[in-house]
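Colleague: Residues per chain, in single letters:
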Amino acid sequence: MKVTEKDVAYVADLANLELTEEERPRMLRDLNAILGYVDRLDELDTKDVAPMAQVSDRFGVDPNKTGSARFAYARRDDVPEGLRKSFTPETALSGAPESDGTFFEVPKVIEK
Amino acid sequence: MHLTTLTIDAARSAVQNGSTSASAWAEAHYARIASEDTKIGAYLMLSKERALAQASRMDAAAAKGEPLPPLGGVPVAIKDVMVTRGLRTTAGSKILENYIPPYDCTAVARLEAAGAVILGKLNCDEFAMGSSNENSAYWPVHNPRDLERVPGGSSGGSAAAVAAGMAVATLGSDTGGSIRQPASFCGVLGLKPTYGRVSRYGLIAFASSLDHIGPLARTVKDVALVLRTIAGRDPMDSTSADVPVLDYVEELERDVRGLRIGVPKECFGEGLDAEVRTSVEATIQKLAGKGCEVVPVSLPHSAYAIPAYYIVATAEASANLARFDGVRYGFRSPEARTLSDLYRKTRDGGFGAEVKRRIMLGTYALSAGYYDAYYLKAQRVRTLLTRDYEEAFQKVDALVTPASPTAAFKLGEKSGDPLAMYLADIYTVTANLAGIPGVSVPGAPTKAGLPIGVQILGKHFDEATILRLAQACE
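Just so you know, the protein sequences line up as chains H and R, in that order.
Counting along the first sequence from 1, when you hit position 62 you're at 62 in my numbering, and nothing is skipped either side.
Counting along the second sequence from 1, when you hit position 107 you're at 1107 in my numbering, and nothing is skipped either side.
Simulated from the structure, these hints should not be mistaken for laboratory data.
There's no promise every hint is true.
To be verified - Okay, derived cross-link-like pairs now, EDC-like style, lysine to aspartate or glutamate, Cα gap no bigger than 16 angstroms in a straight line:
#1 R:K1414 / H:D30
#2 H:K47 / R:D1372
#3 R:K1221 / R:D1255
#4 R:K1395 / R:D1255
#5 H:K108 / R:D1341
Go ahead and model the full structure; you've got the sequences and the hints to work with.
Modeller: Here you go:
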């Protein structure tokens, strides 16, 4: 077993989850089963292989190129007007579970 | 014309020449949804008001003799992970049960601008996480070809609606096979375009470097028509590629003779159902008969695709889903007394089991002490998997593989075993890691009559070639 009950509690805390008493043993079992399978990645020697976070990491972002080298990203100079427009406060707050019309409301953060 | 065989051109021409109306098409589909969808469960919500308003606009234009846009009056539907202004959007989750988005997803807006009539929002696995649609927080979808079986996932509603004649075409999303696998299970076409080909603005994020929007339909031509409509640069998505959009419909006219198709030996090994193998091999023979050259190739790192994918995908998911905190939108636990309590109780009550499992796995893989061993390792293996494709595409124009190792399985068959469920994606996940396009096209069905999907993968931005090959298989 790689993952322990303590790890499950620690990771749940990082992820802002609580997990019930019933959920924890199941989570422990599933994470160990999945990570046991993931361990096969260790069979590969990757020390000279560059990590790839995005398709463009490997193929570049040059729109003037062809084929796989064409992935492009927005540049600052072509940020259109639409991107700068914001929702009105009413729209932004329209989905809020609680608000006072100007701010999102949350339980008190600092106790007196 | 029967709704299960209606095509985009037939629907549009009938409205254009006045033999029927867009409003009648919409009503006919709603009548079919009313009779069929109680058994299937593909729709989470119908958007009748918006649909009929758009249909009236198309009918008015047709009555004046104006040429209708390419999808004028055509009934379509949208996976409920794409936001729709003023229309409830849930992502299949309780945490967004009452969420009314203030804007439209670009792909949805482009469909409507092209005249399409949006019938409603389609069921899916919660946050698109699943391969059977059993992770929907609302209800599971049943496969229209066999109601005891799953439609695949996560775009199960999108595939089932097209298969059952409850929409002419639909939009799905694909992070690891979520368009192609349900298309294969339901016997329809499903395309995952190149990463960046279609804007993801307004797609509720699961794993941003792997997420794609794409069409499902009953003919290759309809897939091409929808792709042509939704593809192209969008300033609202900085990862949308600035690459000219081809006329994918026109491209279908070109012959497939002389195209080189690669058959990766690793995709025909252990774990592949015998009937699926026979069906895919028959399709390869069919393409050979039409003048394609069949070339054996190798994707040597295939066995590492699922573990690399599930680390990358869950790591990104754990970050993307941090935004669901009960403050700005969606569900908020009424029991919380403190802010930290609010986050936890909201997320505990709002997320389902699979979503929590993936958040936990991703958080673990990114946590101090494990980042190098899991996340960084998986990113390096992602490079190896991508190189496998680059090398194969030196020799061939496209690859042909099964879309899924089996035909549709039964509801409940894999829902207790997450790892068994993950393996349903074994032939599809690498295309997401590498960003290459892939389409699932129906092959010969099983003896019992269940659909089987053949996957055709292509080079970056070469949707035209794989759609041509798909049409040669039809």
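Colleague: Does each hint fit the structure? Answer for all of them.
Modeller: How the hints compare with the structure:
1. R:K1414 / H:D30: 14 angstroms, holds
2. H:K47 / R:D1372: 11 angstroms, holds
3. R:K1221 / R:D1255: 15 angstroms, holds
4. R:K1395 / R:D1255: Status violated; Cα separation ~19 angstroms.
5. H:K108 / R:D1341: 11 angstroms, holds
In summary, the one numbered hint that this structure violates is 4.
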